[in-house]
Amino acid sequence: MGAGVGLVALSTGHPAVAALGFAGALLHVTNHALFKSLLFLAAGAVGKASGTLQIDRLGGLARRMPRTALCFTVGAAAISGLPPLNGFVSEFLVYLALLGAIVSLPVVPQSAAVLAFAVLACVGGLASACFAKATGAIFLGARRSPEEAVPQEVPAEMQLSMGVLAAACLGIGLAGSTLIAGLDPVVRQFSAVSLRETAALGGLTLVGALSAALVGAAFAAWLSVRWLLRRRTVKTGPTWVCGYPAVQPSMQTTASSFAQPLILVFKNILLPVRHQSGSSAAFPAALAVEEHCPDPIERFLLGPGVTGGAVAFSVARQAQPKRVQSYVLAIFITLVGLLWWRLG
Amino acid sequence: MLQLFKTRFEQGKATVAFPFVEKLAERFRGLPRLLPNLCKDGCRACADACPTEAIRLAPLRLDLGACLFCGLCEEACPEGAIRFGEEYETSFRTREAMVLDGAEARLATALDARMRSLFGRSLKLRSVAAGDCSGCAAELTALGNVVFDLGRFGIQFVASPRHADGLVISGPVTANMRAALKLAYDAMPAPKIVIAVGACAISGGPFRGSPAASDGVPPDFPVDLYVAGCPPHPLALLDGLLRLLGRIEGATNGA
Amino acid sequence: MRAALHLLLFLVFPPLLMGVINRVKAAFAGRRGPPVLQLYFDLWKLLRKGAVYSTTTTWIFRAGPVVSLAATLVAGLLMPLGGGLPAPFAFPGDVILFAYLLATARFATVLAALDTGSSFEGMGASREVTFSALAEPALFLSIAALALARQSISWTSILSGQMAAWHLFGPAMAMLIGALVLVALAENSRIPFDDPTTHLELTMVHEVMILDHSGPDLAMILYGASLKLFLLGAIVVRLAFPFEASVPGHVALFVAGLLVYAVVMGVIESTFARLRMDRIPQILIAASVFAALAVAVILVRVNA
Amino acid sequence: MSAGIPKAAAECAFPNGGAVSLESVPALPLSALTAAATEARDRQKGLIALLPLVEGAASRLLLLLSDPSNGHLSASSFRLEGAKEWPSITPFWSAAHLFEREIFERTGWKPIGHPWLKAVRRHRELEADGDAPAHPFLRAEGEGVHEVAVGPIHAGIIEPGHFRLQCFGEEVLHLEIQLGYQHRAAEHLLETGTPARRLAVAESIAGDSAVGHVLAYCTALEGLAGTKVPLRAQAIRGVALELERIANHVGDLGALCNDVGFLPGAAYFGRMRGNFLNLLLEISGSRFGRSLIVPGGVRFDIPPDLQARLLGTLDRDEPQLEDMAKLVFSTPSVLSRFEGTGTIKSAAAVEFGFVGPTARACGVPRDVRSDHPSGVFQFSHIPVAVAEGGDVMARATVRWLEVLRSLRFVREQLESLPAGALRREPGAPRRSALTVALVEGWRGAIAHVVITDEQGAVARHKVIDPSFHNWFAVTLAVRRAQVSDFPLCNKSFNLSYAGHDL
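Residue numbers (numbering that gives the first Met the number 0), protein chains in the order written: chain H, 0 to 343; chain R, 0 to 254; chain Z, 0 to 303; chain X, 0 to 501.
FYI, nobody ran anything at the bench for these hints, they're computed from the structure. Every residue, glycine too, gets a C-beta built ideally from N, C-alpha and C. Mixed in with the good hints, there may be bad ones.
Unchecked claim - When the alpha-carbon atoms are kept at most 27 Å apart in a straight line, the in silico DSSO-like pairs for lysine-lysine are as follows:
| # | chain 1 | residue 1 | chain 2 | residue 2 |
| --- | --- | --- | --- | --- |
| 1 | X | Lys325 | R | Lys12 |
| 2 | R | Lys5 | X | Lys325 |
| 3 | X | Lys83 | X | Lys109 |
| 4 | H | Lys47 | H | Lys35 |
| 5 | R | Lys12 | R | Lys22 |
| 6 | R | Lys181 | H | Lys234 |
| 7 | X | Lys83 | X | Lys117 |
| 8 | X | Lys117 | X | Lys325 |
| 9 | X | Lys109 | X | Lys44 |
What the hints assert, rightly or not - Per the computed footprint, the stretches of chain Z lying under chain X, defined by three or more beta-carbons under 8 Å from a beta-carbon of chain X, are:
| # | region |
| --- | --- |
| 10 | 110-124 |
| 11 | 224-237 |
| 12 | 267-276 |
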């Protein structure tokens, strides 16, 4: 989207807007590399620790794997574009470009920019909903299938690789302006205007400062609560669920249930498929319902082709190293290296 | 919209002044007065009439914690030694103070200064009905309506015990509710208070001796306020709460 | 000096709005109602109470209130309070940071709710994200419309000189106020979207997510909620009262405007029933449509 | 008094509040049960109760029916020989489902083929093992289904009960209600307490229908003793019963407004409810009409000055009440919440034997006051309020119509109170007898069944609160509904937990 704005702005003679768009796009790609790797690593850690990746069978892993949970949460917040993390910085640039387009471009791209602006906001909201759901279903609450083996925190090297990525997410979030300044030469290849000439750099510095303020304020608030409670009675007990003494893990929202209200809103696009059995008898003996939203692209376009490809890939996979994490780490290091080479 | 304003206008200001000074009703049975010296030797009329064995004789004692305020004893007494008054104040800090003799009733006093400074202007209550016939629950609900308007004193009923400062227990505490009641109490952050409302919660009331219930709030809940009645009038509840918060002075009735 | 006044007003004033709303509702009901300062009393008490934490929860539960409050506080630094008190921090694009800080606050609250493992809180969280995902386009479209109208992308400049905007785009501004009030009602969990007074686990949206918070944590959540009410109100008030005045006059106008805003909220809450849950998305989409119409009107005028 | 009029050999019939000797209740072979139940179902009789009856070594099932077509109540019994089990009648007559479960819980006798046989009221010993073995809940299968367990302690000031909802997102697939938290062994105390205590317990079965329950209790005792209650006392009882109905209906209309967040309705109706409770306070000294009704009559009179005061209050409040109803029933945002929410089909209301406003809101005109009148209702009739639709709106409408009709009735009674005594001391109860007293409480038919032994002492006192019949209506109302509409549906019935749990 950022690149799109950039191209349009370039063609209509607004290099400043274009610069923002390209910078946003570039940074966003980098950021995606960071937090997606982070999320995949964390997902891998979860898979390794619990033996399943079925989201509705997981839950409560944060107690067992606090560090993985922290890293996943950072990744989830970053991919949702929330400050003080890196996802926000790149989205901020894209938004800035769009706002620039809204304010200064001719009417047709201007309208398109408004549309894009609203769509981006909605996508942001949906992403945040989706990753809140994922974080919640995997790491929070109580375990949904207590009969399975108790998951343990993954080995230190896996934690380290996740930690590095999470730190990078926060680092870019706080010091985005420095990185953008570094991106300037790249951007100038696309657009005639230096980022320094746009207002973005100053803004980004403030974004970084305010993000730091957010982290600081949260930390201060955390300490104050600690301080307030230091001599008080602080107890632990079961979650308040209306005083029911025999709570079971099934009494939690599942990922699918969490998403269902949203799916309902978009049912004309997502076309959910529902299978319901069990009768409407007065005293039903059994009841079952299932609903899923097959990806329309997969369902109608890719489905046939993928099946063949999957077979081929599964053969190829035998040859690869077993641990996905190390693999992704290698990719990450290469990326960072390339970036430095290009910037330096 | 017009209809709304018309109705609103008709309703006027519904909230009653508190302390309430008007007479509640001719037949309202409030705090009883005992005149033990009127008792004739060997007369058991009041004790025999009492549905909950709240009356002890020689000398005459009336346990307000078990009293249903039905007035049968007053009706039965040939000498007029028991009279239900018009005072709605029927709350006490201790169980012992609820056993009336001929002397002035020792009504509820305020919490200590620390608790009062904490809850004086903000008290959130979690009500738990534990075998309540819904009489007490109904009067507790009525406290929140426009007439009694509990909120004006900074007191409010809340959903979660985590948000609550006080547990209001009504009903004789059935066996099936004990676990839940304990969960609710434990879920409240300290410091917290417990209020027993109605004859059932205080002594088991009509259900005293029931094989399926305790005789009122079990000893593991330290009760700070007892409000007698079956059920207590909302004004009695309001009075008790405000006494507890030190917002009404006067240890005896008739203030 | 003005920054200090800004901070003072922003930090101290918001709980009063809740008090005013409740007094208006009390007037409609015909009761005296809680004191205007009740929320201050509640907060003061909660800060002095102990806490109970669920054994199911982790650090995420404890981080929820602090992150959420911190994010809302930082968001407040970006919002000018009326015409007289510019935001302590203003830069191009702060509108975006503002909106996303509120999203961060929500994200933290939602995760904290999910951490309890309670089905109610999960349900509340699910409703919250659904409704906010739908409210987001309305908010952003409104921002776009304002940016377009004022040719600016920072709150402080967008919200200054609104008189001119009214002269140029009167009907659009009215529609924007409508959309923003709807967004504010939804985001602040007021009737007709949510009912902060009926304590029913199954029907609540926001309040059900905080069932497990106690003591200082709860105080932070309640305070944060009042800040959010104040911040969204600040936008609406400035749009609705675009008059220019001296600095003290501006401050007085702003405070008076906020009180009017609270009264209007109270009146809305007293005259409507809340919506059935499945109707809420339709209303939020309607808010987006309002905002989109405003954008269209302004686009036409700007390019005419 | 009226001995059994053997209408047919298969059952003995008697009027509401009448007593029959236990011997005259036919003891039929168990094989006749299915036919009797089928016939009762087909002729749309009301199931008052299905009870276990033990006399020495003999065990019987006692079937008590009401026939709205001729106003008779009837009793028949079926001998259980050998194995203590019988072919369940629930599969073809759903109205019996809770009664059969209750018998199973109390005696261990087993209804073979009952579709959902589990304890009706939770018990102490089950606490320890949670809900696993003795309280199985139906669990919906499928990824994404989640259980919502509400209660026993609800958010508001509500009685305790446990609701287990099987949900898919916001949609309710199934609801199971587990009550019993309020179980205080009321029937046991009614059988063993002193007379004064029994009366107090009867008043505390369901505190919001104290008048209804104590009236049924006294009617049963009076039936056993053959006492004729003075007319003035009957009229005062009727006034108290209808005031109780008005106060509760008005209060519930307010509570419905509260549940949809319509504050003015909640505030005004809530206040008006208090005004009607205060009328009861004027009459009896208790806002719930306690201590008024006693066996043989009433304790308090309505002298002319009080009569004038009561009528004056009605004059003042009625127009306000009508304006409030006009406001609520004309506010579109309220109507959109009420209409189409929690719908129950008329056929289901008949099939499950719902009573009171729950049934009448489904177009089923069941009303003890006109079907089986006793006391003052033998002389003054109240037209039955019926609405179609079976949704929250229909229930609100029925409640409102009943308020209006009861107001008219109260006014009529107050304006022309018959002269005479307040009380006639009941004599000794009949020995080895059975009596059934039905009273139309504000929730529906309240039944007290009393059986005496050879000495005339109470051997069995069975209480059936209308809620016992109606709780399943909540289950039906919320199926396929939205979770968030559940509290509204529940409130539109406002059933008693204490009355069910006893």
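Do the hints match the structure? See the list:
1. Restraint check for Lys325(X) and Lys12(R): the C-alpha separation of about 20 Å stays at or below 27 Å, so the hint holds.
2. Distance hint between Lys5(R) and Lys325(X) is fulfilled; the C-alpha atoms sit about 11 Å from each other, no more than 27 Å.
3. Pair hint Lys83(X) plus Lys109(X) holds up; C-alpha atoms about 6 Å apart against a cutoff of 27 Å.
4. The suggested pairing of Lys47(H) with Lys35(H) holds, with an alpha-carbon distance near 18 Å, which does not exceed 27 Å.
5. Distance check on the hinted pair: Lys12(R) and Lys22(R) sit about 19 Å apart at the alpha-carbon level, within 27 Å; holds.
6. Among the hinted pairs, Lys181(R) with Lys234(H) is consistent with the structure: their alpha-carbon atoms are about 14 Å apart, no more than 27 Å.
7. Proximity of Lys83(X) to Lys117(X) is assessed by CA-CA distance (about 17 Å); at most 27 Å being required, the pair is judged to hold.
8. The hinted pair formed by Lys117(X) and Lys325(X) fails the criterion: a straight-line CA distance of about 45 Å is larger than 27 Å.
9. A threshold of 27 Å between alpha carbons decides the hint, and for Lys109(X) with Lys44(X) the separation of about 24 Å falls inside it, so the pair holds.
10. Counting residues of the region 110-124 of chain Z whose C-beta lies closer than 8 Å to any C-beta of chain X gives 4; at least three are required, and the coverage claim holds.
11. Residues of the region 224-237 of chain Z with a Cβ under 8 Å from some Cβ of chain X number 0, which does not satisfy the need for three, so the listed coverage is violated.
12. With a threshold of 8 Å between beta carbons, the proposed coverage of the region 267-276 of chain Z by chain X holds, since 9 of its residues qualify and at least three are required.
In this structure, the hints that do not hold are numbers 8, 11, in rising order.
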